[in-house]
Amino acid sequence: DTGVSQNPRHKITKRGQNVTFRCDPISEHNRLYWYRQTLGQGPEFLTYFQNEAQLEKSRLLSDRFSAERPKGSFSTLEIQRTEQGDSAMYLCASSPQGAQNTEAFFGQGTRLTVV
Amino acid sequence: GQNIDQPTEMTATEGAIVQINCTYQTSGFNGLFWYQQHAGEAPTFLSYNVLDGLEEKGRFSSFLSRSKGYSYLLLKELQMKDSASYLCAVRDWNSNYQLIWGAGTKLIIKP
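Going down the list, the protein sequences come from chains A and B. For what it's worth, my numbering labels the leading residue of the first sequence as 1, then goes sequentially. For what it's worth, my numbering labels the leading residue of the second sequence as 1, then goes sequentially.
Keep in mind the hints are simulated off the structure, nothing from the lab. Fair warning: there could be bad hints in the mix.
As the list claims (entries may be wrong) - Derived CB-CB ranges, DEER-like:
id	chain 1	residue 1	chain 2	residue 2	range
1	B	Glu14	A	Glu44	27 to 35 Å
2	A	Gly85	B	Ile108	36 to 44 Å
3	B	Asn3	A	Val115	18 to 26 Å
4	B	Lys76	A	Gly85	26 to 34 Å
5	B	Pro7	A	Ser62	45 to 53 Å
6	A	Thr2	B	Gln79	24 to 32 Å
7	A	Gln84	B	Leu51	31 to 39 Å
8	A	Gly40	B	Gln79	33 to 41 Å
9	B	Thr44	A	Leu55	38 to 46 Å
Using N, Cα and C, we set each Cβ at its ideal position, and we do this for glycine too.
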């Protein structure tokens, strides 16, 4: 296990379609985060899991967005009825529980383009 | 509320030194992180500060003053590969220890 893995790396979809992204965190990491990032901005928090429990969800996240981490390992992020404003880089990060000074490790991201 | 400010863009010369500042406002400060992000790539960890003072790591150093809500990242002996965005992020225990991110500073290195 060399790091956080995200698939696909790129996704082009038509407006109104549903898309699903996958994140495989570093295997011993309990915490998993989803972020969205647009050009020239820092990552925007979407949601956070500790093991299989979704502990926090951004108020900015509409009901078209849903995330799961069914077995506390990989996670999926689904966007239903995509809109052009959903075009962004979707980043997944993981970190171990407990150590306060431990940084989050990011995957390479999934770049979504809605046309 | 929570707020993180850093300059949008900076330019420096290869071989020189540059300081990127970050100011923050948060009610539950629990550490400050600096990340580097090359265009189209994921952020990668550079440094972590939780106590006041300077943390040095090779060509990169990071400073924190909690009373002033201020940090800087110092890059020495700049190389062309240092051209990237530098993101300041604060961990907030009032937000379930989430990272609150700045918009990043785009650093351009010129020969």
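Going down the list of hints, with the structure as the test:
For glutamate 14 (chain B) paired with glutamate 44 (chain A), a C-beta distance near 33 Å keeps the hint of 27 to 35 Å intact. Judged by the Cβ atoms, the range 36 to 44 Å given for glycine 85 (chain A) and isoleucine 108 (chain B) is violated: they are separated by roughly 29 Å. Look at asparagine 3 (chain B) against valine 115 (chain A): about 34 Å separates their beta carbons, and that is not inside 18 to 26 Å. Remark: the range hint 26 to 34 Å for lysine 76 (chain B) to glycine 85 (chain A) is contradicted by a beta-carbon distance near 41 Å.
Remark: the range hint 45 to 53 Å for proline 7 (chain B) to serine 62 (chain A) is contradicted by a beta-carbon distance near 32 Å. Taking the beta carbon of each, threonine 2 (chain A) and glutamine 79 (chain B) are about 25 Å apart, inside 24 to 32 Å as hinted. Separated by about 45 Å at the C-beta atoms, glutamine 84 (chain A) and leucine 51 (chain B) break the suggested range of 31 to 39 Å. Between glycine 40 (chain A) and glutamine 79 (chain B) the beta carbon distance is about 23 Å. The supplied range of 33 to 41 Å is therefore violated.
As the Cβ distance of threonine 44 (chain B) to leucine 55 (chain A) is approximately 25 Å, the hint placing it in 38 to 46 Å is violated.
Of the numbered hints given earlier, the model fails hints 2, 3, 4, 5, 7, 8 and 9; all others are met.
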